[in-house]
Amino acid sequence: RGGVHCGYVDEHGMISTLPYFKMAADDMARYVETGESSSGCSRIIPNAAITRNYAWATDSFSAEGLCLEVITPFGNIPDPELSSSAEQAFASCPAILLKLSYDNSHGTGIRKAFLGFGIDNKWLPIPQTSHGMTGAISDGSLGFATHDLDASLFIDFTVERALSREHTTPDFLLGATAGIIIDISPGERKEITLAAGFYHAGQVTQGIETTYWYCRYFSDLVDVLDYALRYKDDYLEIAEERNRELREAILSDDQRFLIAHATRSYYGSTQWLNESGKPRWVVNEGEYRMLNTFDLTVDMLFFEMRFNPWTVRNVLEQFVHDYSYYDQVFDPAKPEDLLPGGISFTHDMGVANHFSPRGRSSYECSGLDRACFSYMTCEQLTNWICCAGVYIAGTCDKEFLVRHRGILVDCLRSLQNRDHASPSKRTGLMNLESSRTDGGGEITTYDSLDHSLGQARRNIYLGSKIWAAYLILEDLLAASGEKELAAEARIGAETSANTLAEAFDEKLGFIPAVIENGNESAIIPAIEGLVFPLVIGMEEALDRNGPFGNYLDALKKHLSHILKDGICLYPDGGWKLSSTADNSWMSKICLCQHVARKVFGLGVGKAGEQADAAHVRWEKEGSEFHACSDQFRSYVAKGSLYYPRIVTNILWMDA
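Taking our numbering, the leading residue of the sequence shown gets 155, the next gets one more, and so forth.
There's no promise every hint is true.
What the hints assert, rightly or not - Below 27 Å or equal to it, Euclidean Cα-Cα: the simulated DSS-like pairs (lysine-lysine) are:
#1 LYS710 <-> LYS661
#2 LYS792 <-> LYS774
#3 LYS637 <-> LYS552
#4 LYS710 <-> LYS774
To be verified - Now the in silico label distances, taken between C-beta atoms and shown as ranges:
#5 ARG698 <-> ALA633: 22 to 28 Å
#6 ASP407 <-> ARG197: 29 to 35 Å
#7 GLU490 <-> ASP293: 56 to 62 Å
#8 GLU235 <-> GLY521: 40 to 46 Å
Simulated from the structure, these hints should not be mistaken for lab results.
The beta-carbon is built from N, C-alpha and C at its ideal position, and this holds for glycine as well.
Full structure from sequences and hints, please.
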């Protein structure tokens, strides 16, 4: 049990199986003393004999004439406000496809190919009257089926029991392993297509009550499986389109792997929810399961803008309506003196299908001073601004701009107030702390790093996003007819750029990560904020001869100096986000690689190839048992497992 059982039986009764299941005791021993093992004549196909093709929407395993292909098609998820029910049903159907094939060209007798699933529950055969399908479901929530008439169903304690059973009941309901068997005659090659799906009826979240969007169109799991099989050709066409798109992109094989790997992890974390007829888009934070963590939203933004722009709008408006708040600020030297603050947004919307109370996250706690679980008030403010700017630039959604004109004005005032109440004393950075910290200090998304990236106050990583936020506010406020406020935003951007450029330390060779207290840490994410004007197309802002030329020159010198072994490179060529912390986020590395290559022409050529190869090893070996992981320490995954944020690497597709 505990996995996918796929293999074949030769004409001599030898069972050969791909190694993708957990070895477990035969449950038959719980019912009867057999005095013998069910292992019989079987073998695991060695890894060296297996060829894997890991494409964007398909994943295939081939060995000894056997082939299993897992198809996970994805495309544009239609905007519920603008699309038909048929389009939404097609996009929301909770199923994938699998192809099982066997080539018996060289066999001397009939061979059997099988595909089975072991679970910690029981199976029920799908009635033969249900859409002509052969398959099984478990608890009405998980199942598989095929329309192929050559397929036969088995349910038993193990695959081996099913293949060598003494009784004549193929669907033995005490068993926890179920699957499909096909016979292949000598000289024949046979292929069948199956659908595997899930279904969850009724309420699925607390705090805010929602159901799954697909329940509007599918009555139960059998309906889901039948639909997926009826439209299999359309789904297969979409999968091939995605595969071709990635295959033809001017990328290395390592880059293609990282994009394909990240995409699966992203979709595995998504939920399209229905709140009384209104859609709620949620991306869970991998293993942590926090809902719509905002510092992930701002990085997954680029993937969603490519495929599903409406989800960006949806999440931004969820933050405005349910997860925004107004605070005050204070100088750490005078924590008792509270000053005007402004609007910001929570770190997340809840955890584990529990929406948190309005205006609160599940993560942020008061009374902490620049430690994990403290507030990320300033960072989340810049995240809303930057997401809104990219969304509006990419969609030309004027109605969104009009609806949120007041929010944009509030964002400008809030950003200014977190610097200094007096315009003449502003530095373009975050200098004041949120009252929500209750006398403590704010942090950034790099919550488990040291002060080089963990501290928000006067941090140059956050400073780069503040610079970008001011640029975006200038653009959006001008488009809203607020010329005076747009001019204030321009001053903010210029002030940020000047402060950051002037902080370049010739002796160190870079800009210190935190511009206070003699900090000497070097960080790669000093360049992160440049991704927003780059994606939006603000060419003037990234022109080395333009108004921010000094800032760009300082960043190029900074990055050129620190991209070295022993500073911000590991010995294998992988990127180390901070020189003083052994902790790197793959998603942020991907984003910074894009900026470094596109804006500065750095991290390319042999050095770039070496870095990409290292990052692939981190995922394949350092995260061997955790699928796509984001957080690594010395090449080994230590947190952020099964993570969606790494789809930032979709930026490479436009490089």
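Now for the hints, and whether the structure bears them out:
1. Note on LYS710 and LYS661: the hinted pairing holds, with a Cα-Cα distance of about 16 Å set against a maximum of 27 Å.
2. A threshold of 27 Å between alpha carbons decides the hint, and for LYS792 with LYS774 the separation of about 14 Å falls inside it, so the pair holds.
3. Between LYS637 and LYS552, the direct Cα distance comes to roughly 17 Å. Compliance with the 27 Å bound is thereby established for this hinted pair.
4. Our distance criterion of 27 Å between C-alpha atoms is broken by LYS710 and LYS774, whose separation comes to about 32 Å.
5. Between ARG698 and ALA633 the beta carbon distance is about 27 Å. The supplied range of 22 to 28 Å therefore holds.
6. Under the hint 29 to 35 Å, the C-beta atoms of ASP407 and ARG197, about 31 Å apart, fit the expected range.
7. At roughly 57 Å, the beta carbons of GLU490 and ASP293 sit within the given window of 56 to 62 Å.
8. Separated by about 42 Å at the C-beta atoms, GLU235 and GLY521 satisfy the suggested range of 40 to 46 Å.
The structure shown violates just one earlier hint, number 4.
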